[in-house]
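Enquirer: Here's the letter readout for the chains.
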Amino acid sequence: MRKQEVKKASEKDKPDLKGTFVSVMLLGVFIIITWFGAFALFISR
Amino acid sequence: MQLAKKETVSKTSVQALPISKPESRLYMSFISVAFISLLIGGLMGLLQVLVRSGTFTLPAGIDYYQVLTVHGVILGLVLTTYFIIGFHFSLMGKTVGISLKQRKVAWIAFWIMVIGTVMTAVTILYGEASVLYTFYAPLRAHPAFYIGLALVIVGSWVAGFVNWHQLKVWKKAHPGEKSPLLAFMVTINTVMWFIASLGVAVAVLIQFIPWSLGYAETINVLLSRTLFWYFGHPLVYFWLLPAYMAWYAIIPKIIGGKLFSDSLARMSFVLFLFFSIPVGFHHQLTEPGIDPTWKFIQVTLTMMVVIPSLMTAFSLFATFEITGRRKGAKGLFGWFKKLPWKDVRFLAPFIGMLAFIPGGAGGIINASHQMNSLIHNTIWVTGHFHLTVATTVMLTFFGISYWLIPHLRGRKLTPQINRLGIIQAIIWTVGMTIMSGAMHIQGLLGAPRRSSYSEYGGGEQVTEWIGYQMAQAIGGTILFIGILLMVYIFIKLTFFAPKGVEEFPIAEEEEDAEATPAWFENWKLWIGITIALILVAYTVPVIDIIQHSPTGSVPFDFPIGR
Ligand code: HEM
Ligand SMILES: [Cu+2]
Numbered sequence: 001m002r003k004q005e006v007k008k009a010s011e012k013d014k015p016d017l018k019g020t021f022v023s024v025m026l027l028g029v030f031i032i033i034t035w036f037g038a039f040a041l042f043i044s045r
Numbered sequence: 046m047q048l049a050k051k052e053t054v055s056k057t058s059v060q061a062l063p064i065s066k067p068e069s070r071l072y073m074s075f076i077s078v079a080f081i082s083l084l085i086g087g088l089m090g091l092l093q094v095l096v097r098s099g100t101f102t103l104p105a106g107i108d109y110y111q112v113l114t115v116h117g118v119i120l121g122l123v124l125t126t127y128f129i130i131g132f133h134f135s136l137m138g139k140t141v142g143i144s145l146k147q148r149k150v151a152w153i154a155f156w157i158m159v160i161g162t163v164m165t166a167v168t169i170l171y172g173e174a175s176v177l178y179t180f181y182a183p184l185r186a187h188p189a190f191y192i193g194l195a196l197v198i199v200g201s202w203v204a205g206f207v208n209w210h211q212l213k214v215w216k217k218a219h220p221g222e223k224s225p226l227l228a229f230m231v232t233i234n235t236v237m238w239f240i241a242s243l244g245v246a247v248a249v250l251i252q253f254i255p256w257s258l259g260y261a262e263t264i265n266v267l268l269s270r271t272l273f274w275y276f277g278h279p280l281v282y283f284w285l286l287p288a289y290m291a292w293y294a295i296i297p298k299i300i301g302g303k304l305f306s307d308s309l310a311r312m313s314f315v316l317f318l319f320f321s322i323p324v325g326f327h328h329q330l331t332e333p334g335i336d337p338t339w340k341f342i343q344v345t346l347t348m349m350v351v352i353p354s355l356m357t358a359f360s361l362f363a364t365f366e367i368t369g370r371r372k373g374a375k376g377l378f379g380w381f382k383k384l385p386w387k388d389v390r391f392l393a394p395f396i397g398m399l400a401f402i403p404g405g406a407g408g409i410i411n412a413s414h415q416m417n418s419l420i421h422n423t424i425w426v427t428g429h430f431h432l433t434v435a436t437t438v439m440l441t442f443f444g445i446s447y448w449l450i451p452h453l454r455g456r457k458l459t460p461q462i463n464r465l466g467i468i469q470a471i472i473w474t475v476g477m478t479i480m481s482g483a484m485h486i487q488g489l490l491g492a493p494r495r496s497s498y499s500e501y502g503g504g505e506q507v508t509e510w511i512g513y514q515m516a517q518a519i520g521g522t523i524l525f526i527g528i529l530l531m532v533y534i535f536i537k538l539t540f541f542a543p544k545g546v547e548e549f550p551i552a553e554e555e556e557d558a559e560a561t562p563a564w565f566e567n568w569k570l571w572i573g574i575t576i577a578l579i580l581v582a583y584t585v586p587v588i589d590i591i592q593h594s595p596t597g598s599v600p601f602d603f604p605i606g607r
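These protein sequence lines map, in sequence, to chains A and B.
Just so we're aligned: 19 in the numbering used here is position 19 of the first sequence, and the numbers increase by one with no gaps anywhere.
Each number in the numbering used here comes from the position in the second sequence (counting from 1) with 45 added on.
Hints are supplied without guarantee of correctness; some may be wrong.
What the hints assert, rightly or not - In silico SDA-like cross-links for lysine to any residue, where the CA-CA straight-line distance does not exceed 25 Å: (1) A:18 x B:359; (2) B:382 x B:301; (3) A:18 x B:358; (4) B:375 x A:26.
I should point out that these hints are in silico values taken from the structure, not numbers from a laboratory.
Next up, chain A with everything else stripped away, as it sits in the complex (with noise of 0.2 Å):
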């Protein structure tokens, strides 16, 4: 009983970030791919 009920308070605490997490990822991808592309660009000069 009382082990649920700190389960439950926990998992108010923790909300549910899937789509902020995999947001996020994608954002840093988005910054590697520009920055390797200009730095291909660069390069290759």
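Chain A is already provided as a structure; the job is to place chain B with the ligands on it using the hints.
Expert: Here is chain B with the ligands on its own, set in the frame of chain A:
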């Protein structure tokens, strides 16, 4: 570590003080100058893109660089500073209050700035200061140009001192409480501005004014540029942080959510304070007189701002997702649909956030030391800051105006104006995507920035460029229509919208939010670390520059200047 232990107990709900008529007159005065500047500066922008398309020549022998100086100074320096100070004051007035005496001093700040602005403007209009907004030596302007700029800076300091005083008075009256989040953020921004603008003030007072008056024969060019960029990079964060204030602490309220984390927001602002100033060399990466080691150190410090930037991105996504899920959103991205897309107070700043994704990515490329040579002084750079300042910051400022102006003027944002605002935001997005996109590509093809129309003696590479300049003319014209519409909306909101009450949205914390640690209020610590970082990054290279510079330069009035 007594200070790390102590925690603020009170979790007072958001302070929201009423704003009196005389107060709102003060705030509106600053904001009005910003919108007048938008109109004038926008017109110059239109002229620039038309000239660069090769289909139009400026009438009456007006010089392209005179137009470009007006554009850069009035939009980059005047519009931004006035809007920001007006916004700062409204935030402080709302959260910690303003006394009669403070208000009087604030008016003094306003008038010092206005006198300075008028001096600078008149000098530029007489063609005596076509030196662009960076006023790089050895180009020389009339002394009135520099004196006017110095007055604008001094006025902005006075405004900042008033803000600090406002917070101090509030803290005395509320012992042990944490300062309101927005007041904390305003203080960070004004502290950063003060420390940074000391650099440009020194350059103007000690180097430029005596030299332009003829008292000093020569000027140390590298030192003046170094002092300028010591100021110039924090300048862009001075523009950006007010937008972040709205994103962190106002947008959550507009979308029907709560503050994601008070501590995270404060921490990111503190990190911006640390890493905004000791990084100016990333604008001088092709400057021959600076030791590459110190360039590398400052490049590294520059990259540190990625941390608070990604903290901000995470925090915003999280605010959107949590709010959306509370409204019943399902799936990985269902929350996206729950955002209030039809509310311009949200839509305009949201587009600003999106623009900061390519804006920020481009910034990392610009600052990547050797790779800077790929884009240095090309029109790519212009494309970059029309995304960051002219889209991210501007659209957020517009988003703020839709509720702040009616709130201050005792009017209402009507559904009709809201719709016009949405159209405005879309026009801006379309125009800027075309103009900035074309600038980015043309820059990668090697086209220079700060350049009127030229065929460069028929060079082959040049034929690749003109199509992009045409595209910029199309995008720029669309943007100018957006500016006309925005100025119309400004007038409507200020004078003609129906009387009523418009909310001043300030996000609240979650009921069960964790308390913000008291050590955030340790200003001595934050300022101490900031100064230490500046000393680390600048002491040795500046001594080096002073000791090993070649003879200074006499003033040049040609090809541009006065
Ligand atoms: C109608 C809208 C606008 C158009 C068509 C436009 C166009 C341009 C163009 C073509 C240039 C570069 C010219 C050159 O390098 O030769 C430029 C520079 C610049 N623009 Fe804009 N712009 C617009 C709005 C804005 C806004 C809203 C801001 C800031 C809030 C801004 C800030 C600047 C700055 C600081 C420069 C740099 C000036 C310099 O290099 O000295 N612009 N603009
Ligand atoms: Cu910078």
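Enquirer: Each hint: holds or not?
Expert: Quick rundown of the hints versus the structure:
Between residue 18 of chain A and residue 359 of chain B the CA atoms are separated by roughly 11 Å; this keeps the pair inside 25 Å, and the hint holds. Using a Cα cut-off of 25 Å, the hinted pair residue 382 of chain B and residue 301 of chain B holds, with the two alpha carbons roughly 14 Å apart. Of the pairs offered as hints, the one joining residue 18 of chain A and residue 358 of chain B holds, with about 14 Å between alpha carbons and a cut-off of 25 Å not exceeded. About 20 Å separates the Cα atoms of residue 375 of chain B and residue 26 of chain A, which keeps this hinted pair within 25 Å; it holds.
Every hint, counting from the list given before, is met by this structure.
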